[in-house]
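Trainee: First to last, the sequence lines map onto chains A and B.
The first sequence begins at 1 in my numbering and counts up one residue at a time.
The second sequence begins at 190 in my numbering and counts up one residue at a time.
Please note: incorrect hints may appear among the correct ones.
Subject to a maximum C-alpha distance of 20 Å in a straight line, what follows is the list of computed DMTMM-like cross-link-like pairs (lysine to aspartate or glutamate) [as the list claims (entries may be wrong)]: (1) B/Lys283 / A/Glu45; (2) A/Lys30 / A/Glu45; (3) B/Lys241 / A/Glu124.
To be clear, the hints were calculated from the coordinates, so they are not data collected in a lab.
Small disclaimer: the values here were computed from a predicted structure and weren't measured.
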Amino acid sequence: MNLEVKKHIEDLIHYIIKGITQHQTVLLKKLSNQSIRNASIHQDEDSITFAIITYSLSKIIERNRTTGTDITTFCAAMVKNLRQMRSSLEQNNLASYNMLLKRSLTMINQTDDKLSGYIQEVIEKSRISKGSNIYANGISLSQSASLLGITQWALIDYIGKTRISDSTPSEGISIKDRILFAKSLFNVP
Amino acid sequence: MKCLIFDTGSIISLTLNNLTWVLEPLKKKFNGKFFVTSEGKKELIDNPLHIKRYELEAMQTMSFFNDGILEMVYNEEIRKNAEHLLYLANHSYKADGNYITIVQRADMEGIAASLFFNASAYVVDERTTRWLVEKPNQLKNLLSKKMNTPIEVDKTNLSLFRKEVATIRFIRSIEIIYIAFSLGLLDKYKPNGKDGEKKLLDGVLWAMKLRGCAISEKEIEEILTNRY
């Protein structure tokens with residue numbers, strides 16, 4: 001594991017636990033964006049997984065506020081898992097860390113069916129949302145989709161509804177020049 | 190050979206808007222071939238055929254290959270050149286001392302195919318591939334701004350890359366649709382009454398934007414105002 005990524009994850013876990021225990025969704029989303037920045041540069045699975053987990057947790061906690069669904073058990077189990085992950089990292093026990101990281105995405109099976117279905121959906125949407133963040137950072141669409149394990153169909157369907165194309169500098173070639181060139185290809189006056 | 194190479198995203202944008210059918214009359218007007226690379230076909234058809242949400246779209250796209258409107262291209266020279274370009278592209282920008290993997294094999298396969306066939310243009314909606322070729326400094330600035338870190342450019346690799354792709358010209362699916370509009374192919378959708386044509390163009394451009402084509406609101410306004 002890249003040393004910079006390891007340091008980032010050790011710090012990240014501390015703040016994720018804070019975010020979960022205090023139900024701080026804004027903090028969790030900020031942590032997710034930080035992971036995406038790391039994921040865009042290092043394109044490591046750990047940063048990507050943490051970006052998904054953190055964003056998903058923020059959405060689950062947000063939902064809990066509106067529906068009143070009891071997520072106490074789920075949150076407690078996630079916090080315990082995260083503490084064990086941090087401990088494994090500190091001891092450089094990567095085998096244990098990787099096992100616990102995978103568990104964090106699959107432990108939803110231990111929750112009730114209704115929440116499980118919702119979390120599945122949240123995780124899937126998180127993948128797409130994080131994929132669009134990586135694309136917004138300047139990575140190609142196909143590479144962004146590949147990193148998040150999603151299809152380009154889903155990513156394209158999603159990014160069109162974002163403001164990515166409006167928030168970046170204008171195109172290198174003017175729209176006029178591109179259209180005139182295209183017209184020349186099809187002999188359109 | 191007179192041809193256009195289509196990347197995955199451009200076909201997806203057209204399909205999600207039920208506008209892929211314009212490719213048949215456009216191909217006749219173009220009087221050449223419309224190619225998709227093997228990696229592109231995999232992402233257009235093979236992968237989504239197993240995903241319920243996009244299974245139908247994959248089958249719809251498949252029909253364009255079956256009817257010969259789109260053709261898959263692949264050969265060893267394209268593959269080798271794609272690998273070579275992939276290495277150069279992904280060793281051109283560095284952040285925190287690490288090279289950033291900015292493109293995938295599929296992106297470079299399209300460029301390699303464009304070079305092999307001396308294509309008239311490579312139809313690419315997503316901006317990273319286009320900016321890498323057209324405005325690499327602008328891509329560097331974007332990476333730096335978004336990742337909040339200085340980006341170091343490997344001038345040797347980038348220079349080698351740019352030299353090899355210097356002849357590539359890009360258009361997007363939005364320009365393809367504009368051509369279709371200009372040729373009257375979309376007239377059946379034109380609403381009656383005043384400004385029907387403008388409403389049609391506005392609707393089509395926004396549909397393409399909302400389904401992933403990298404065009405800004407400002408560019409759409411420019412097209413609607415100037416109608417080049």
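Trainee: Confirm or reject each hint.
Mentor: Results of checking the hints against the structure:
1. With a CA separation close to 19 Å, the supplied pair B/Lys283 and A/Glu45 stays within the 20 Å bound.
2. At most 20 Å may separate the alpha-carbon atoms for a hinted pair to count; A/Lys30 and A/Glu45 meet this at roughly 19 Å.
3. Distance check on the hinted pair: B/Lys241 and A/Glu124 sit about 14 Å apart at the alpha-carbon level, within 20 Å; holds.
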